[in-house]
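2 protein chains.
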Amino acid sequence: MGARIPVDEHAAFVRSLLAGLGARPTERVALADALGRITASPVESPIALPPFRNSQMDGFAVRSADVMDAPVSLPVVGEIAAAPGVPAPLEPGTAVRIMTGAPVPDGADAVVPVEDTEEVGGDVTGVLILHPRAVGEYVREAGSDLEAGSDVLPAGLRLASRHLAAAAASGLAEVLVRERVRVAVVSTGSELVPLGTPLGQGEIPDANGVALAAAVRAAGAVVVHGGRVRDDVDRLRAELDTAREAGAELVITSGGVSKGAFEVVRELLEPAGGWVGSVAMQPGGPQATGAYRGVPVIGFPGNPVSAQLSFELFVAPSLRAIAGLPPAATERLELAEPLTSVAGRRQFLRGRRTDDGRAGVVGGPGSHLVAALAASDLLIVVPEDVTELDAGAVVDTVLL
Amino acid sequence: MGARIPVDEHAAFVRSLLAGLGARPTERVALADALGRITASPVESPIALPPFRNSQMDGFAVRSADVMDAPVSLPVVGEIAAAPGVPAPLEPGTAVRIMTGAPVPDGADAVVPVEDTEEVGGDVTGVLILHPRAVGEYVREAGSDLEAGSDVLPAGLRLASRHLAAAAASGLAEVLVRERVRVAVVSTGSELVPLGTPLGQGEIPDANGVALAAAVRAAGAVVVHGGRVRDDVDRLRAELDTAREAGAELVITSGGVSKGAFEVVRELLEPAGGWVGSVAMQPGGPQATGAYRGVPVIGFPGNPVSAQLSFELFVAPSLRAIAGLPPAATERLELAEPLTSVAGRRQFLRGRRTDDGRAGVVGGPGSHLVAALAASDLLIVVPEDVTELDAGAVVDTVLL
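Chain order of the listed sequences is A and B. Position one of the first sequence corresponds to residue 1 (our numbering), numbered consecutively onward. Position one of the second sequence corresponds to residue 1 (our numbering), numbered consecutively onward.
Hints are supplied without guarantee of correctness; some may be wrong.
Unchecked claim - Facing chain B, a subset of chain A residues (Cβ under 10 Å, in silico):
1) LEU35
2) ALA40
3) GLY85
4) VAL86
5) PRO89
6) MET99
7) ALA165
8) ALA173
9) LEU195
10) ASP206
11) VAL216
12) ALA218
Rather than coming from a laboratory, the hints here were simulated on the basis of the structure. Beta carbons: idealized from backbone N, C-alpha and C, even for Gly.
Okay, chain A solo, but in the shape it has when bound (with noise of 0.2 Å):
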């Protein structure tokens, strides 16, 4: 039977052994696929941001110089837009119309916005410029953003719209980023069917597969194989061979990890070296860990509310940490009603913020409770060695 390990020597045990999966390979992606991805190595413009000199506003190309006693006025000799090409020379004691973003001529320094001139001619053959313009005014250098092969951006950087619009704005049309952590999540128990299936008397739905799956992909990683199994190691050994055909760096199960007679897990992990017992925790007190053909096992109990919250706390935080996402949030809230708790064990009371910002209790300790854990937002932590609290007693409490 064993003693009941402590929930931090279990979490240590389980981080440990997803440690490897934190050197991850890379790839290249697209920058359209690159969203909420983390960029394997610093990203290098090959190009100068701006790649040329260009004007900041719609208004006049001018040499300085020539407007350093305005007012004054200067004939129009042409017009830049923002297009491909290389304009003319500007020649001295001339202006050129210019748009946004287009590229100022060799020859001008300066560039006047269009509000501060006004037409000469009908149909603007000249223009009065009103003041005088430094040298650079309104001109935007090339590389005055970044010099051609620099990094634009650094490695380690979970990719927002704005990075990509930098990297995109280098010319770069992909990114090396870091592959996700391939999971596959596996259910098991002869009394699973599929979501759909019309219930016959002593079977229910396989609700972990969905869940856990979610689970992983909020986790920022990705789910390569799911499947489900009847109580035969056999076949959970056939549905683990293709889960690593699949891919799969981590298997994550539910169900096979307790006391009774026909447990899966247990019988493919403990002749292997794995683990297999209780850790000192409610919910989710029976727990597996070890390796089927050299790819961790992470073994949950069955039912889904302890599925959830052993995901939660053993699992999504490395997963996390992975993909450059926060851990869970935390925060220490007041008890809005009085509790018990079982001594010996760390209770995770699911919750909810009550309108007056406290925490309150939904739906008991019991762990099939799994409509209640849908209607939670937190998890109330009540420590091991404590069996009762009142209410307005301080507690921590994990955000869901």
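Go by the hints and put chain B onto chain A.
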């Protein structure tokens, strides 16, 4: 040229233009695809949770009346697994071995955990029950979590894995959710070339195409069309026709809204009663709103910094609210350095939280500084009537 309109006025106008998107059509999606979607109606469970009376522990199902004088020895008449089928009723004076989650047989009204028993007889033909058990102990009653026909999830809920667990445990395979807002992103500008194309003179990569699409997705909407057109209003019309055919409910354009001579978004929207003008902000002053064949069009300036900021300020709040995402976080921080700003415009300076928790400026006010935007993690908001701030002044910031 027109007067600059206040930021808040433009924001309110865009919000009103997008308000019609809030009444979402609905669609049924598989639970496996429902992570992050919003329930369109309360989700009713067709079954009770749990669906049948079952055991909370591995142990022995008994009649509490038979163990009230424990310790007492009972013959073990069988074994009930968590598996399909109906167990035989329990005869008085007997016990049956039972697994966690297995159906509790008629006649039994309590479960004795295996750790509170001792074996009697070599091959477990009998069991010694060590303590009395009350009626209902370690028995999960059918419906004790949720009654059949009750709502397992409310309407308007953003689905996390624990919600999917509850819906799946209810035997549901699909859920009715709000459709995501369908957005088209169209870049305008003859100077633009596709990402990864070697740049000719005067050409720049179309950064907004990929970056605005990513921003749309990050705001919980879906990009149904992306396009890029040169400065030719007929091409733009054709592109928007394609966007409409793709089902776009909202078109976001970049470029073509300035005071220059080749402003295609202006050419498209103004004759149709749209507005193209200046908002009293920096960067991102030139803005446009209107409609094309009944589809709202929001026009941003062409440079990626202005486009990203404009999206965050004017469009993201509406899209995020529709998608059930929280608004961007704001924080009041001390400035790490003095700064100056332009009178009459609200300045959104790119900044970064310093190690000592203050707001430092990254890269200056130029709207072309896209690499600096990528290096930022907040926007420093300088009000319209402020032209100088000292280090240590407290400013509003928007966290990116």
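Verification of the hints:
| no. | hint | verdict |
| --- | --- | --- |
| 1 | LEU35 | holds, 4 Å |
| 2 | ALA40 | violated, 17 Å |
| 3 | GLY85 | holds, 5 Å |
| 4 | VAL86 | holds, 5 Å |
| 5 | PRO89 | violated, 14 Å |
| 6 | MET99 | holds, 4 Å |
| 7 | ALA165 | holds, 4 Å |
| 8 | ALA173 | holds, 3 Å |
| 9 | LEU195 | holds, 4 Å |
| 10 | ASP206 | holds, 7 Å |
| 11 | VAL216 | holds, 8 Å |
| 12 | ALA218 | holds, 6 Å |
Hints 2, 5 from the list above are not met by this structure, while the remaining hints are.
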